[in-house]
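Dock chain S against the given chain B, drawing on the hints supplied.
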Amino acid sequence: MRLSPDEIIFWQYGFIKLNATISITWVLMIVMGVGSKFITRRISCDMHVSRWQNLLEVVVISIKKQIEDVGLSQSERYMGFLGTLFLFLFTANICTILPFYEPPTSSLSTTAALAICVFVSVPFFGILKQGLCGYLQSYLRPTFIMLPFHVISEFTRTVALAVRLFGNMMSGVMIVAILLTITPFFFPIFMSLLGLLIGTVQAYIFSVLATVFIAAATRGGGE
Amino acid sequence: MLIDWFTVIAQIINFLILVWLLKRYLYTPILKALDVREKKVASQLKDAEKAKSEAQNEKCEFQRKNDDFDKERKNLFAKVSGEAADEQKRLFNEARDEVESFRLKQLESLKSEYRNLNQEIALKTQQEIFAIAKKTLSDLANIKLEDSIAEIFIEQVSNLSGEEKNLLASAIKSSRQVRLQSVFELLPAQRAAIELAVEKKLAIETEFKFETVPELVSGIELIADGYKVSWNIADYISSLEKSVGGLIEKKTKNLTEE
Chain B
1 MRLSPDEIIF
11 WQYGFIKLNA
21 TISITWVLMI
31 VMGVGSKFIT
41 RRISCDMHVS
51 RWQNLLEVVV
61 ISIKKQIEDV
71 GLSQSERYMG
81 FLGTLFLFLF
91 TANICTILPF
101 YEPPTSSLST
111 TAALAICVFV
121 SVPFFGILKQ
131 GLCGYLQSYL
141 RPTFIMLPFH
151 VISEFTRTVA
161 LAVRLFGNMM
171 SGVMIVAILL
181 TITPFFFPIF
191 MSLLGLLIGT
201 VQAYIFSVLA
211 TVFIAAATRG
221 GGE
Chain S
1 MLIDWFTVIA
11 QIINFLILVW
21 LLKRYLYTPI
31 LKALDVREKK
41 VASQLKDAEK
51 AKSEAQNEKC
61 EFQRKNDDFD
71 KERKNLFAKV
81 SGEAADEQKR
91 LFNEARDEVE
101 SFRLKQLESL
111 KSEYRNLNQE
121 IALKTQQEIF
131 AIAKKTLSDL
141 ANIKLEDSIA
151 EIFIEQVSNL
161 SGEEKNLLAS
171 AIKSSRQVRL
181 QSVFELLPAQ
191 RAAIELAVEK
201 KLAIETEFKF
211 ETVPELVSGI
221 ELIADGYKVS
231 WNIADYISSL
241 EKSVGGLIEK
251 KTKNLTEE
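Chains as they are written, first to last, in our numbering: chain B, 1 to 223; chain S, 1 to 258.
The shape of chain B in the complex, shown without the other chains (with noise of 0.2 Å):
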């Protein structure tokens, strides 16, 4: 049994391979880029603009309007990298409909990459909004004791947050995939939907926990 698409190897070289993980991502970036371009090379300031405008502008007030709620001021700042790992995630769940597609999303990799993104972007953040100083001093509150409790904490948190999104995908894969060859079509479709709403929840809880995770690195409270 297959558990991960990175085991789909296209092409390989030495330690350089091309994988169904690294293939699909190409395509959906492809098709994401492709597609904001497309839309948004007749992007209209006017008061009637054109249905898939008004989609996109729907979703990037949504983006920004969950970032604003959930604490960071300045959404703008933090827009590209929470905004895109909500959408890049939303996508590749979301996609499980087509058929023959294996989401990249339920290879431990991808989602150990987006969660070493996190890992990385919560002190970059954090230094760029309160200083080095600032930002390491989060480490000492409320005392110096809970120093190795945060270093524990943002690396459980960054292994969590890449076995969640894993475990979830992965799982609604594989009991799709073993309903097919022992139940008839009808359940396996209810578990594709059911699949797809998991897909959407955890690409929201992925995108919210990062949000969360930078809010406090910005706050200076920790987590």
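No lab work stands behind these hints, which were simulated from the structure alone. Treat the hints loosely; a few may be bogus.
Below are the DSSO-like pairs computed for lysine-lysine, each with C-alpha atoms no more than 30 Å apart in a straight line [what the hints assert, rightly or not]:
hint : chain 1 : residue 1 : chain 2 : residue 2
1    : S       : 134       : S       : 52
2    : B       : 129       : S       : 32
3    : S       : 50        : S       : 39
4    : S       : 228       : S       : 200
5    : S       : 165       : B       : 37
6    : B       : 65        : S       : 165
7    : S       : 209       : S       : 165
8    : S       : 39        : B       : 65
9    : S       : 40        : B       : 37
If we take Cβ atoms under 8 Å as the criterion, some of the chain B residues that face chain S in the derived model are [as the list claims (entries may be wrong)]:
hint : residue
10   : 8
11   : 10
12   : 19
13   : 21
14   : 36
15   : 69
16   : 73
17   : 84
In this text, a Cβ means the ideal position worked out from N, Cα and C, and glycines have one as well.
Then chain S, alone, in the frame of chain B:
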């Protein structure tokens, strides 16, 4: 091993590239468009607010002008009404004065007509009475009226009181002439009788000038330097004249009232 580190590194790079792509082609243009639209909406709202404010000012100005116009109209109406009332009063007074003047003129004309008619009637009546009396006396008593009148006049001269006599005498002395007017031509005998009676009464001699005046109707008058001794039948017909005059006056009054 579930984690392939090359894939991890590749996915990190992929993700960063995707962040750049979406930031360039999605977030920046969309947020920019949203900002522009927000500013445009704000500007339009501001313009609308300004237009509303201007409209409110215009409305206030219009209301004020309307009030002023109403006030002015009322004042003008009151002024014109006053002037019209004055003009009406003036025209009414003018018309009334004209009517009054016309009425007075008409009344004066009627009075004048009345007087003329009265005089004419009196004269005619005197003449008729004189003619009737003359005819009656001649037919019944074979007496001439002229003779009787001359006799009566002579008797009147003879019966003058002392004062009247002195006044007449002094008048004749001053004028040295006596005019004797009669409605008929006096006969020489009658003239002589009258001259004699006057000279006898006054004891003076003077020149007599005899004149025939039809207006006297039936009488004789002696005139000297403004003093006059006369007799005619006018006194006899004065009551008739009064009666006829009263009737005419009544008729005239009725006409005037109408």
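For each hint, the structure was consulted:
no., hint, verdict
1, S:134 / S:52, "118 Å, violated"
2, B:129 / S:32, "24 Å, holds"
3, S:50 / S:39, "16 Å, holds"
4, S:228 / S:200, "18 Å, holds"
5, S:165 / B:37, "159 Å, violated"
6, B:65 / S:165, "152 Å, violated"
7, S:209 / S:165, "20 Å, holds"
8, S:39 / B:65, "19 Å, holds"
9, S:40 / B:37, "24 Å, holds"
10, 8, "11 Å, violated"
11, 10, "13 Å, violated"
12, 19, "6 Å, holds"
13, 21, "5 Å, holds"
14, 36, "4 Å, holds"
15, 69, "17 Å, violated"
16, 73, "15 Å, violated"
17, 84, "4 Å, holds"
In this structure, the hints that do not hold are numbers 1, 5, 6, 10, 11, 15, 16, in rising order.
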